Each structure stands twice: as C-alpha cells, then as structure tokens.
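Chains as they are written, first to last, in the numbering used here: chain X, 1 to 174; chain S, 175 to 558.
Everything labelled a hint here was simulated from the structure, so no lab data went into it.
The hints are all genuine.
Think about it this way: if two alpha-carbon atoms lie no more than 16 Å apart in a straight line, the pair counts; the simulated EDC-like pairs of lysine to aspartate or glutamate are:
(1) S:K304 <-> S:D190
(2) S:K309 <-> X:D49
(3) S:K304 <-> X:D46
(4) X:K160 <-> X:E110
(5) S:K203 <-> X:D49
(6) S:K259 <-> S:D540
(7) S:K203 <-> X:E27
(8) S:K287 <-> S:D268
(9) X:K19 <-> X:E53
(10) S:K203 <-> X:D20
(11) S:K367 <-> S:D381
(12) S:K259 <-> S:D531
(13) S:K367 <-> S:D390
(14) S:K309 <-> X:D46
(15) S:K259 <-> S:D293
(16) X:K61 <-> X:D18
(17) S:K367 <-> S:E387
(18) S:K304 <-> X:D45
(19) S:K203 <-> X:D18
(20) S:K309 <-> X:D45
(21) X:K160 <-> X:D119
(22) S:K203 <-> X:E53
(23) S:K203 <-> X:D24
(24) S:K287 <-> S:D302
(25) S:K304 <-> S:E191
So the derived label-pair ranges between C-beta atoms look like this:
(26) S:Q195 <-> X:A147: 26 to 36 Å
(27) X:R88 <-> S:D176: 34 to 44 Å
(28) X:K160 <-> S:Q195: 31 to 41 Å
(29) X:R88 <-> S:G535: 51 to 61 Å
Since the model is a prediction, treat every value here as computed from it, not as a measurement.
Backbone N, C-alpha and C define an ideal beta-carbon position, used for all residues, glycine too.
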Amino acid sequence: MLVIVIGAGVDVGAKAADKDGFVDALEPLLPTAFRLAYAMLRNRDDAEDAVQEAAANAWRKRSTFRAGAELRPWFLAIVANECRMSMRRNRRSIPAEAALPQPDSDEAAELHRALARIDMKSRLVLVLRYYLDLPFDEVGRTLGISAGAARVRVHRALRKLRPAFEVEEGPGDG
Amino acid sequence: MDEARFRALMHGAIGDEAMGQWLPGAVRKRVAQPAEPASRARVLAIVAAFALFAVLALALVPRILHRGQSPASGVATPSRVQPLKCRLPVIVYDQKPGPDPTDPLNGGTEVMKLWGFVDTSTGAFTRDPKASPTKGMPVAPVYTDVTPARTGAAPPVPALSYSPGARRWFPVAPEWVSPDGLSYAYLGDIYGKDLMRYDIATRQSIDLWHSAEQIDIVRWTARGILVDSAVSTGHWLVDPATGAVTPAPPPISPLPPPYPKKSFGSAGTIGTTTAGEPIGQAEVLNGQTVTIWVYIDTAAHKRITIYHRTGPVGNLVTVDGITWHMGSGFEAGRLFATAGGIWFGTLAPTTSMWHWDPTRGLTRVDIHLVDKNLLRIVPAGPCF
Numbered sequence: 001m002l003v004i005v006i007g008a009g010v011d012v013g014a015k016a017a018d019k020d021g022f023v024d025a026l027e028p029l030l031p032t033a034f035r036l037a038y039a040m041l042r043n044r045d046d047a048e049d050a051v052q053e054a055a056a057n058a059w060r061k062r063s064t065f066r067a068g069a070e071l072r073p074w075f076l077a078i079v080a081n082e083c084r085m086s087m088r089r090n091r092r093s094i095p096a097e098a099a100l101p102q103p104d105s106d107e108a109a110e111l112h113r114a115l116a117r118i119d120m121k122s123r124l125v126l127v128l129r130y131y132l133d134l135p136f137d138e139v140g141r142t143l144g145i146s147a148g149a150a151r152v153r154v155h156r157a158l159r160k161l162r163p164a165f166e167v168e169e170g171p172g173d174g
Numbered sequence: 175m176d177e178a179r180f181r182a183l184m185h186g187a188i189g190d191e192a193m194g195q196w197l198p199g200a201v202r203k204r205v206a207q208p209a210e211p212a213s214r215a216r217v218l219a220i221v222a223a224f225a226l227f228a229v230l231a232l233a234l235v236p237r238i239l240h241r242g243q244s245p246a247s248g249v250a251t252p253s254r255v256q257p258l259k260c261r262l263p264v265i266v267y268d269q270k271p272g273p274d275p276t277d278p279l280n281g282g283t284e285v286m287k288l289w290g291f292v293d294t295s296t297g298a299f300t301r302d303p304k305a306s307p308t309k310g311m312p313v314a315p316v317y318t319d320v321t322p323a324r325t326g327a328a329p330p331v332p333a334l335s336y337s338p339g340a341r342r343w344f345p346v347a348p349e350w351v352s353p354d355g356l357s358y359a360y361l362g363d364i365y366g367k368d369l370m371r372y373d374i375a376t377r378q379s380i381d382l383w384h385s386a387e388q389i390d391i392v393r394w395t396a397r398g399i400l401v402d403s404a405v406s407t408g409h410w411l412v413d414p415a416t417g418a419v420t421p422a423p424p425p426i427s428p429l430p431p432p433y434p435k436k437s438f439g440s441a442g443t444i445g446t447t448t449a450g451e452p453i454g455q456a457e458v459l460n461g462q463t464v465t466i467w468v469y470i471d472t473a474a475h476k477r478i479t480i481y482h483r484t485g486p487v488g489n490l491v492t493v494d495g496i497t498w499h500m501g502s503g504f505e506a507g508r509l510f511a512t513a514g515g516i517w518f519g520t521l522a523p524t525t526s527m528w529h530w531d532p533t534r535g536l537t538r539v540d541i542h543l544v545d546k547n548l549l550r551i552v553p554a555g556p557c558f
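So here's chain X without its partners, still in its complex pose:
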C-alpha cells in the first residue's frame, strides 16, 4: 500500500529535495538493508549490488513515500523487492556451497539448509522477524500487510521448517 504524496512535509520528504539529502536519510538504514539482502541472497557481492539498486529505485519512487510514515519499512520493502528481482535475474536462490560462510553448529547448518529449501516469501518473513528482529507491526509494514497478517505469515513460515525445527512462538509485540 503506497500513498502518493506531492511535497511531503515529513523529514525525509524535506531532506529528499536533493539526492544528497535523500542518501543522508537512507544511510543509517544501509547496514540493516545489507543484512536483509545478504540473508536473502546469501552472497556478499549480490547483496551489495541489491542495496545499491534498491537505493536508486527508492530515489525514483520517492514520491510514493507516505507523509508521516517510517522510512525503514518503506526502504526494506524496496530492498526485498530488489532481492526478488536479483534472484530472478540470476536464476538462483542460493550460491554455491563453497561461497557460503560455515554455520557454527550442526543445528545452524541444518537451519541453513532448511531456509534454502523454503519459498522466498517464507524466508523473507523469517528473516525480517528473527534475523533483523523486527516487531510484527514493522514486518507487516514492510510487507504491506497488517501486523496480524504478519504474525500469521510468520506462523506459516515456521510450520514449513517442521519437523526439524519446532518453534514455540511467544506472545509477540504487536
């Protein structure tokens, strides 16, 4: 859900009057954006490319940023979309095993393989929730859905990891 606002009066809107100001606003988000891209693409080079391309796309789509909204979920949504495009372009979801970092335990290695097996939507929601540690409402805003729908999507994604991983979901955070 994107609302077009002309001349948005929010901080990023004011900063986004020029490209430097826009990048200044994005810069604190780049580490998180990179981690999202790396978790999705599993390749450092591809992740860095995706973040750069996402930033360029964000500039082109800046008029779709809703006044008063938070910048992070808006930008992470663009990064996630760019990861999807990157995977389609590269015709791959994971790189060669040799290029991957070595998980630090057998259990982590098993989860590593399990994440590679599940669909991209499920992987994305797990990464947002359990790797970037986002609250449900921000997971929802990143995916363009409600917090409740995000919780359901996380639940379904966790089910896809069974029987290897049975996760007891907590009360959540909204």
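Assemble chain S onto chain X, guided by the hints.
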C-alpha cells in the same frame, strides 16, 4: 525451542556479515546517476548511442574521460589501530617440491597456500576461505595473453592483499591499495606504461596516466600514487583523482656509488612486495648484507632504511639507524609498511613475524600454524 533460541540459530545459520565501508559511498554515486523510466526500445537506443559515443571518445581522446571524474583521493582518516592488538592479513606460502628438496629456498617454487588473519596479540591464525580467487577484479595483463585486454577480462588471480576498508581481498600488492582501501592502482598494459585505478565501489577502471617509458608502482601514498621509471631515475607522483603527474624527487641512495639502481643480487626476492614488485631497493654487499628502504606515510616521502647483515653470530638488523642483534630468528623477507610501522614476513623454519615502529623497535609475534613446515608467512595489508 523458544523464539530466542531460534533467533540465535538464525544468526548462526545466516552469519553476521557486515556491509563494506565503501557501500554508503557507492549508494551515493548510484543514486546520483541519472535514471529515467524508459521503454525497452528507448533503453536500447540510449545504450547503443552511449556505446557509440564511448567508442569514438576512446578512439579520439583517450584521456578525456578521466579529467571529469569527481575527486577520489583514496585518503583514509588516521588509524588508531594498536599494532600488537589487531588482525593482520597474511598469506601463507607453501613450497612445491623442486629438483633439490634439501634446499629450502631453491628446492622448489613458492605457491600460495592459505589466506587469513593473524591476531597479533595472541599469534593465532584464522583462515579466510573466501579469499581467493578475486572475482572480476582487473590486473595487469601478462605477456602470455594472446589478446591482452585493458581491464576486466583477465581470469581471476589469487588474492595478494586484503583491504580492511573494503573488507575484501585484492589481486594486487598491498602497497598498491589506496589508503582508504577502496581503490587500487595497477598497470593496465603489457608494456607497463598505463597506470590505472580500479574503484571497488563502482567496479570501474580509470585510465590515469600513459607514461612514455615503462614504470613501476612504488606505492599509493597519502600524497598520491608514487611511481618510478623502470629504465631511468625518474620518480613521479600521480594524482589518483585527476591523473595529474608531478615529478617527485628521487630517493637518495643509502649506498655509495657506483651501486646501480636495482642491482639485485642473489637475494633478489628480498625487499619485494607480495606481487614481486620492488618496494624499495635491495642490494647485496659481500654476499651478506642486504639493504632495503621502504616508504612510510607519516611524513612526505619519509624513507626508512633497513640493513640486514647475516654473520657468524646471527643477524644484525639496523632499522632507521638503530641496530638489533637478532640471533637467527629474523629474516627480512617480504615486508609491509604503514604509517605506524613495518611488518616483516617470516621464513621457515621460524614461524615468527616481526613488527617495527619508532617507539617499540622490533617486536616478535609467534604465529600459531597447524603445519609448521609451511614455507613463508607474508603480511598482506594493514592491521585492523
């Protein structure tokens, strides 16, 4: 399992890679590039027009392109890294057996075996499995290339240096890497006359200077890229942003004449970088004394002279005028100098590296390797 445990497992499964320091700069450049929504046909037309323009421009005015580049001095902010409490990138060499396996130096050829980091406070070595080869990074074409390309077409080559700034290994000597670690210099033609700069952020090579004579890259300093002539006594500083060239004063030889420039003796590999290029000059006197000089960036063109004498009572090492009696546990080997001091490599059977700086003098760091028979450990970049 509970969510906290699963969260920790996610971090273990995916890893905690941090983005390269260069990425914000690359994002800024990427956003700055003009990009309008366009149809596929329009994009193709623009690409074709641009390609035609680029071909014409390259053919008619080969140096016009780099004049308009934004400044990219490659200068880093001063580092506060403690040399004995940091991670030192190193390359470990092994030896392929040769005709005389009893001779540790001439019995075979060196081959790169391991890339990784030494914790200089403990001597622990950690291998970096992602170090080599360096994907898509240009290096000088070699004479054996049938159709040498200027950039990008060379096959992947082993990593020769590590840049903490870019968090990547590069295919050139550490002396050729910019102080901020985001670019490196290389010679782009088989004749050694084209000085090029490669930027990791844009993945683009820039033609900086076409010299009339064959040149060597001495090192990328805070003041510019210092190069010298391979055939004369010329020294130049090349501005890494504009390609502007200014003559640099030739270093004063610490040796009396008539020792000629680059008269390497039997210890010809001593004083060279990991890429085999001269870092300073090395000469052999009476078969036992080696003189090396290196450039340090603490002051403009500051030169540190190292004398290494091998005698019956062990080694005498003189660095910047102060002499140490080292026993047999020191080998000048290959070295890497930064503003803070000099790291010396090591040669089997010793597994100790040495660090020199003006306040501490020489300090030994014992390296813990599983295989102590590996031939040589070489510093491959600044400690971080």
